[in-house]
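Novice: With chain F fixed as given, assemble chain R onto it according to the hints.
2 protein chains.
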Amino acid sequence: MFTTARGWAWLVTVPPPAISQPPPRIQIERPSPLVDGGRYPIKRTVGEVVHISAVIFRDGHEALRAVVRHRAPGARRSHEHPMRHVDAHIDGDTWVASFAVADLGLHEATVEAWIEPFASWRDEVRRKLDAGQPDLASELSEGQVLLRDAVARAKLAAERRRLDAAVEALADEALPQPARAAAAVDPQVLEAVEAASAREEATELDEPLRIDVDRERARFGSWYELFPRSWGGLAGVTEQLPRLAELGFDVVYLPPIHPIGHTNRKGRNNALVAQPGDPGSPWAIGDAGGGHDAVHPELGTLEDVDRLTARAGELGMDVALDFAIQCSADHPWLTEHPEWFHRRPDGTLKYAENPPKKYQDIYNVNWQSEDWRGLWEELRRIVGHWVDHGIRIFRVDNPHTKPLPFWEWLIREIRGQAPDVIFLAEAFTRQAMMHTLAKVGFNQSYTYFTWKNGRHELSEYVDGLAYGGMQEVYRPNFFANTPDILHAYLQHGGAPAFAIRAVLAATLSPSYGIYSGYEHFENLPVRPGSEEYLDSEKYEVKQRGLDGPLLPLLSRLNALRRAHPALQHLSNVTFLDTRNDGLLAFHKRFGDDSLLVVCTLDPQWAQEGACIVPADLGLPPAFQVLDLMDGARYPWHIGHNYVRLDPGRVAHILQVQA
Amino acid sequence: MFTTARGWAWLVTVPPPAISQPPPRIQIERPSPLVDGGRYPIKRTVGEVVHISAVIFRDGHEALRAVVRHRAPGARRSHEHPMRHVDAHIDGDTWVASFAVADLGLHEATVEAWIEPFASWRDEVRRKLDAGQPDLASELSEGQVLLRDAVARAKLAAERRRLDAAVEALADEALPQPARAAAAVDPQVLEAVEAASAREEATELDEPLRIDVDRERARFGSWYELFPRSWGGLAGVTEQLPRLAELGFDVVYLPPIHPIGHTNRKGRNNALVAQPGDPGSPWAIGDAGGGHDAVHPELGTLEDVDRLTARAGELGMDVALDFAIQCSADHPWLTEHPEWFHRRPDGTLKYAENPPKKYQDIYNVNWQSEDWRGLWEELRRIVGHWVDHGIRIFRVDNPHTKPLPFWEWLIREIRGQAPDVIFLAEAFTRQAMMHTLAKVGFNQSYTYFTWKNGRHELSEYVDGLAYGGMQEVYRPNFFANTPDILHAYLQHGGAPAFAIRAVLAATLSPSYGIYSGYEHFENLPVRPGSEEYLDSEKYEVKQRGLDGPLLPLLSRLNALRRAHPALQHLSNVTFLDTRNDGLLAFHKRFGDDSLLVVCTLDPQWAQEGACIVPADLGLPPAFQVLDLMDGARYPWHIGHNYVRLDPGRVAHILQVQA
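Protein chains in written order, with our numbering: chain F, 61 to 718; chain R, 61 to 718.
The following block holds chain F by itself, in its conformation from the complex (with noise of 0.2 Å):
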């Protein structure tokens, strides 16, 4: 007896033979992009295209068609679109169709194959034909008898007219056989066979394959990460919109704007005792006054959050707000609900720690809650609240020391109501933890760029996002610095360690930010060897304007990006050959957009060497580059192009004229 039939996505299972059909004889393998299998869906924007291959095959020799069929979100009919066999592919089995996504949501996409016996039977009888076989009688009446099926199918007048001309000319004893034959072997009959194939041995994928689809800024978008409370409340950030908009942003990200714990209040410099009037983190959020669904009230009112996102939204801006599941000792879970959190044998909470470091101002909640069903609704109605309030982007906090099944739960709830919805993971930690956050559904992901300053490191870990197979599902943002993140590289390099790292970030990668100060150049850390800000705004208020020098080039970078479709896209850089590792080149195309890149990595020496084009890049031996920072232009060639960088002027972005 067979084995039950098991439900893999790739294969058509074997039925069992108590069916009239015998089991189909296609193979389907290899659906392609499918990420495990299939357990979760692939990603893209809308208007981005979706390549489907698979290696389709049969025994014997009977001639195969294959479609793709899209299914859009809530859509009540699918397209086809026919696939195309890739006789030059390693596997000379494969197929390939492409089509593009333009609605929000999760889309479908499965792969049908049949035979088509005319095709057979048409490629038969040209061999026969021409090695000049002359008794043909059997396959003429082979060939009446397949096209008089297809007539009886066909739908259209003109179709049936050209397919009984066929029957007539194979049936026509007056003409020599060969002569009958060529008449059915016309491409055009072919074509109108096709048209009302009556496609035999249909087989297609036991699961489609599934695209979820996000709106552009969950690819592409330029970040800007403050603290309200340095910026005289939401209603001070609302007044910088404008400024923000012209300077090429295009996402405010906040943290916490909840109030913050008293007990165990941190104090400046992340201090155990706070002195009077010490702010505090706004990560140990809540007091008195309420929780995650309150604001500050230093920040302003829930009707300033509402003017805050009504605003962007009609600069064309998003407002990200942090998602940080964690509470203070004052937050009104703990006395609400109590079983939300552990308790030791001895009674105490637990404060947040990883030893031996404490975070004495945080309490974790307990996942394991025999009420967990509580505390995920409840989680669920405080995204939901926000979303209500014009937040569209949750920048959620460690997200990995958070269950994966909740994530996976929670965004697929939230994008249900509001697909257009972005959540950003902040989570850095083992691959295959933030491999499979982004799986769950996250929409974009921070990144270990911070830490890649070397040449060789950067093209490498560029790469492995770019093509290492889960560029279907994680999107970097690339962020030069975060409150909790100043790397050395910018401690010791002064303002050019700055420029470079910036334009690293906004070129290499479609979505990038920076938190406030970096335009300040603002470098000193809490203690040497410490990767923490002197005075960090985390535990005090700062007075901040957008006034930094670094703006002109952010801005001038941010236009760059929205002006270049090459720079939104990850997976379409190729890293060149410098003869120098103190100088990184790229080439990055969409379209016809060809784009060459130099950036310096020395903030303090000059460095020369060259950019060295390859010929199979597809560009032609000689071409015009046109520097995009600077006007300025310059003869390139395949081969080696010489490029000199000093801190003064640390990159070239050249535009490869056509």
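Keep in mind that the hints were calculated from the coordinates and are not lab data.
Treat the numbers as computed from the prediction; the structure is a model and nothing was measured.
Any given hint could turn out to be false.
No copy is singled out in the list; a pair is fine if it fits within one copy or between any two copies.
[To be verified] Using 27 Å as the maximum straight-line C-alpha spacing, the simulated DSS-like pairs for lysine-lysine come out as follows: (1) K512 - K417; (2) K215 - K418; (3) K418 - K602; (4) K418 - K188; (5) K188 - K417; (6) K188 - K410.
Specialist: For chain R alone, kept in the frame of chain F given last:
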């Protein structure tokens, strides 16, 4: 709401929130080895080791434990093998375990992972002790609870005593807190807790991995193909068995032994019209005397088959029979089961053809027959019939022109009854089909070895077989020639070409074979450019005996293959540089057996070069090698080792001396 859980093998799915426990937080991803996500079992032979790996992780900092649970076919109980966390692996969350398989048939293995809260507690307390943290009161109370739970679960008195002592120490208020904690941090306490583990949050794969275990012959064997009609029929073959055994052959493979059709019988050299006395092709199966279950009367009787297989069994050999699903025009099925054949509209039966090639003496069955079930069952009956007569290996003719679902069903059916049966696929076609035949159950496969004669194509091809991914299911059998394939290399290279190809086949592949005549250096093609033999034995009777001049070399090779485990495996090969494309060199190792093989590829001229032993092969800086072909000894070392081979001495097979 949760989307319905989908049964993918590599990831525990999210259960709906209706259950009372929160969904499992442990992820088990990328279990390996897995073919097409588990759609097909991997293959092993009895005694081989299965290395299982998986990426296992969880949010947060809980200590994880994992086992592989292995169940042999028909076994009531499974065995657990602890998995080891491989920190050094590129993906930090990889866990591994290995076990050997002892029984024929379909084994199952799953991965189970759980958290060990006491181990997490212990890690945390150790870090706090290391940091000198003085207040451990809460930790001490937690530890007591965890240990008391363990005491309640402990089965051995010794373990209970050890745990009780640790609880007492934790509770002993006379001692300072660090000393109390230190007692519980003792590794033996952890061991006792783990022995009584509650396996909290235990999570396992949705579907077990499957391992199809064959007898050793499926992997390793030396084949000799002969046409019984040239050896005095089946009785004559039986007489030759002791000599074949002495020569070191494990399998004697017989083309079809059934009655041969008379209608359109092919004459000598594939002539369209047979002359009186021409015996016809054994692949044109069936006449009035019987079909696939009958023995050609000129070869003997069913009793002769019984005697042949019994004698082979006594000698530790196998008899392999051809299974070719095709009929001569005189096969009983054409009259008894006309419904199994495709008739054209004009009533004619269509003989086999691949235009412009024609096989006028052969008719194929119609797999789309309305009585396809009857056909399948008859074919199963026939294979079972030969199994009952002692045949345990079937060499299947052109399986790629028959439905894959049929093979999957047939092989499962037959091996369900007789798990020692081996099916060898004779398919020369596109890679996807060849691989899928192996996936659906063929235990061994023909290859393109015959056409790989250059150094780079040989090493690339063998590396692909050994490491390309399909080594889990696809076992090659390297035939140096077949009745259908006399490669130009053999036609033009003289006796040395036959020696070279024998050495390569016998040392590169655990299974290899020759077709009789090879040892006589038979090298005449039917016409220039053809790979068909002149006066092919397919169409006439020869006089054959075991007296060819290449037999001493073949006998030596077969003896070395039996003595050296390194030659009995495939995925243990490392090709080495030779500084001369006329020399092929490789290393093979299995356990302590370490061989270096250098073979000339030039049958005409001497070739000088070097065998370059790389440092990372694990050999000492300098070592002795023993040439197993002639007993000579040489001092070799890491780096260049001079080698000269010529047509009189085509290979070194060197054993590295301990």
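Novice: Indicate, hint by hint, whether the structure satisfies it.
Specialist: To see whether the hints hold, each was checked on the structure:
no. : hint        : result
1   : K512 - K417 : within (25 Å within a copy, 62 Å between copies)
2   : K215 - K418 : neither (75 Å within a copy, 38 Å between copies)
3   : K418 - K602 : within (25 Å within a copy, 88 Å between copies)
4   : K418 - K188 : between (83 Å within a copy, 11 Å between copies)
5   : K188 - K417 : between (81 Å within a copy, 10 Å between copies)
6   : K188 - K410 : between (83 Å within a copy, 14 Å between copies)
The structure does not agree with numbered hint 2 stated previously, though it agrees with all others.
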